[in-house]
Structure formats: structure tokens, C-alpha cells
Amino acid sequence: MDPVLKVFDFSAEFDSKLESPPIPDNTLDNRLDSAVARAEDPTTAGNIPRLAKALSDLRSLLGPNASFDRLSSTLSLATGHGHREVLKYLIAENVPITADAVTVATIAKDEWSLDLMLNSGWNIDEPLGLTTPSALALAVEDRALVSWFLEHGASPNAQCSLDLTPLSIAVQFSSMSIIRSLFDYGGSVQYGQLLHYAVRRDSPDQQDVVDLILNKNPPINHVMYQEHPQSYFRQRMFGLGTPLHEAAGKGRLEMVKKLIDLGDHPLIRDSCGEIPLQRAQKAGHDSVVAYLGQITANAEWPVHQFTDGKETTGWS
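When we follow the UniProt record's numbering, the leftmost residue of the sequence shown carries the number 1, and every step to the right adds one.
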């Protein structure tokens with residue numbers, strides 16, 4: 001026999017009963033999901049005794065010091081169905097207050113629930129999402145609800161991951177009286193790209209809103225998000241420009257003239273490399289093209305362009 005083969009035991013028996021790998025135990029997750037479902041049903045029905053039993057079952061699964069994060073949906077359900085006592089009970093049981101619950105209460109104009117959440121530790125300026133700066137941003141078209149938020153300390157300058165504030169949304173969509181109130185409570189043109197959003201406003205009083213903001217000396221030659229790099233690089237693929245780009249793209253000749261008179265430069269390039277004239281040309285706004293064509297022909301290029309080296313790559 002080959003000396004190498006001598007090291008093998010050819011008489012050994014093969015054990016066909018090899019141990020199988022352990023199967024992941026999902027039993028606990030399934031039981032937890034079932035317990036959460038048992039909590040959601042009485043929440044919807046407004047039945048506190050049944051809800052208490054469901055929470056007791058969940059606590060027995062998780063332990064006495066367990067977090068009730070899994071029950072976040074119940075706050076939205078209680079708020080949406082107007083079950084105030086259930087909402088009080090859930091918060092007292094340390095079910096966390098979520099952005100969804102705050103959103104439901106705000107849309108429903110439910111000041112009672114908002115007040116309860118605020119007194120239970122909710123941060124009134126907490127962002128509700130990547131593009132929702134705070135609950136106040138959802139309320140800016142309702143006079144009474146705006147007053148409630150402002151009187152309870154909400155900031156018109158609260159931001160989310162973008163430089164977007166409740167006042168940003170207000171100058172595009174709210175009434176002049178609400179916009180003035182937001183400024184009275186500390187709103188500032190230093191946040192939220194206010195002039196850009198005001199130029200986008202589609203209402204007969206747009207000029208008045210723009211004038212209100214211009215009187216507060218915002219930067220008129222800044223590309224959108226110029227002073228908020230995180231926002232700029234996240235949004236540059238959408239063609240971020242100056243307020244003049246916005247007006248030209250919308251075909252608003254009188255607004256274009258106003259901005260030019262105030263010093264908005266016609267040769268600043270946006271994040272896609274285009275000047276305002278090109279925006280108007282693409283959108284087919286002939287009167288703006290005719291006006292900006294002459295202005296642009298006589299203008300000198302700015303010494304520095306913010307977008308140099310920062311233009312969109314096509315995918316970001």
C-alpha cells in the first residue's frame with residue numbers, strides 16, 4: 001500500500017446522522033408581533049382594560065424594564081381616533097412619542113393631544129422627517145394652530161436635514177399675516193432660503209411677500225443652499241440657482257426685472273452650469289428670454305462662481 005494511504009482508516013464507518021445547523025429561533029419575535037397586534041386592536045377601540053392586558057403580556061415577554069418602542073403605532077392610532085384617555089394611558093406607560101403621532105395630531109389640529117405630548121417631553125422643534133423641519137411646518141396655513149405653536153415656543157427657524165424651515169414653507173404657501181407672525185416670533189432670512197421660496201409663490205400677493213423679505217436684506221446672489229453645504233450637495237442635481245434663476249424659470253418677467261434692479265447677477269451659474277437666461281429658454285418664456293438676452297449680453301462674468309468645482313455630476 002502506498003505509504004501515504006496508510007494514514008487513512010478505510011475501515012471507519014460513515015455517520016450519516018450529521019448534526020444539522022441550528023435553526024434561528026424567531027419564536028420571540030413572532031410572540032412580540034402578536035402582542036403588539038393585541039395592543040393595537042384595543043387602542044383603536046378605545047378599550048383601556050384590554051390594552052392594559054396587552055401591555056402586561058408584552059412586558060412579560062420583554063422584561064420589567066423593557067422599552068415599548070414596538071408600540072409606537074398605538075400613539076398614532078389613539079390620536080387619530082380621538083381616544084384621549086387611551087393616549088394619556090399610553091404616554092404614562094412610557095410608550096415613546098413618535099413623529100407619526102405628532103403628525104397625526106397636527107394635521108387633525110388637535111391642540112389637546114399636542115399639549116399632552118409637549119408636557120410629556122416632546123421637543124416641539126424636533127424634525128418630523130428628512131424634509132419636514134418640525135410640526136409647525138405642517139401648520140403654517142392655519143392661523144389658530146400657528147398661534148398655538150408660537151405661543152408654546154416653536155421656532156420659525158427650525159431645520160431638518162435640509163436648510164428648510166417652517167418659514168420657508170410659509171413664504172410660499174401661507175397668508176401674509178401668518179408670515180408676519182412668524183417673523184415677529186424670531187423668523188430670520190438667515191435660515192431657510194426664504195427669497196427662493198417666496199419667488200416660487202403662486203398667489204396675487206407674491207410681490208408683497210417678496211418685498212417683505214427683500215426689506216430684511218437677504219443675500220440675493222446666493223445659489224440655493226450656498227451656505228448650507230450638506231443641503232447643496234444633496235440637492236445639486238436638481239439645478240440649484242439664485243432667486244433670479246427661479247423667477248426666470250417660472251417666466252415671471254416683473255420679478256426678473258425687480259431682481260435685476262436690485263443687483264441679482266444674470267451670469268451666475270446654477271449647480272447644473274446654467275445661467276438664468278438658459279432657464280427661461282428651456283421653459284419657453286419668450287418675454288423673459290428677450291429681456292434677459294439684452295441684460296446678459298452687456299454683463300460681465302463674476303470673478304468667482306460658487307458652483308465652480310461643485311456642479312452636479314449627473315447622479316449627485
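Keep in mind that a hint or two might mislead.
Stated by the list, open to error - Label-pair restraints from in silico Cβ distances:
id: 1; residue 1: 27; residue 2: 92; range: 55 to 65 angstroms
id: 2; residue 1: 234; residue 2: 303; range: 52 to 62 angstroms
id: 3; residue 1: 48; residue 2: 221; range: 18 to 28 angstroms
id: 4; residue 1: 263; residue 2: 93; range: 55 to 65 angstroms
id: 5; residue 1: 234; residue 2: 60; range: 41 to 51 angstroms
id: 6; residue 1: 263; residue 2: 92; range: 55 to 65 angstroms
id: 7; residue 1: 123; residue 2: 286; range: 48 to 58 angstroms
id: 8; residue 1: 257; residue 2: 88; range: 31 to 41 angstroms
id: 9; residue 1: 308; residue 2: 151; range: 16 to 26 angstroms
id: 10; residue 1: 294; residue 2: 96; range: 21 to 31 angstroms
Hints are computed from structural coordinates only; laboratory data are not their basis. Where a beta carbon is used, it is the ideal one built from N, C-alpha and C, also for glycine.
Each hint, compared with the structure:
1. 27 <-> 92: 55 to 65 angstroms: With Cβ atoms ~30 angstroms apart, the hint is violated.
2. 234 <-> 303: 52 to 62 angstroms: violated (28 angstroms)
3. 48 <-> 221: 18 to 28 angstroms: With a Cβ separation near 60 angstroms, residue 48 and residue 221 fall outside 18 to 28 angstroms, so the hint is violated.
4. 263 <-> 93: 55 to 65 angstroms: Holds, since residue 263 and residue 93 (Cβ atoms, about 59 angstroms apart) stay within the stated range.
5. 234 <-> 60: 41 to 51 angstroms: Holds: the Cβ-Cβ distance is about 45 angstroms, inside 41 to 51 angstroms.
6. 263 <-> 92: 55 to 65 angstroms: holds (58 angstroms)
7. 123 <-> 286: 48 to 58 angstroms: For residue 286 against residue 123, whose Cβ atoms are near 50 angstroms apart, the range 48 to 58 angstroms holds.
8. 257 <-> 88: 31 to 41 angstroms: violated (57 angstroms)
9. 308 <-> 151: 16 to 26 angstroms: violated (46 angstroms)
10. 294 <-> 96: 21 to 31 angstroms: Since the Cβ atoms of residue 294 and residue 96 sit about 60 angstroms apart, the hinted range of 21 to 31 angstroms is violated.
Of the numbered hints stated above, those contradicted by the structure are hints 1, 2, 3, 8, 9 and 10, listed in ascending order.
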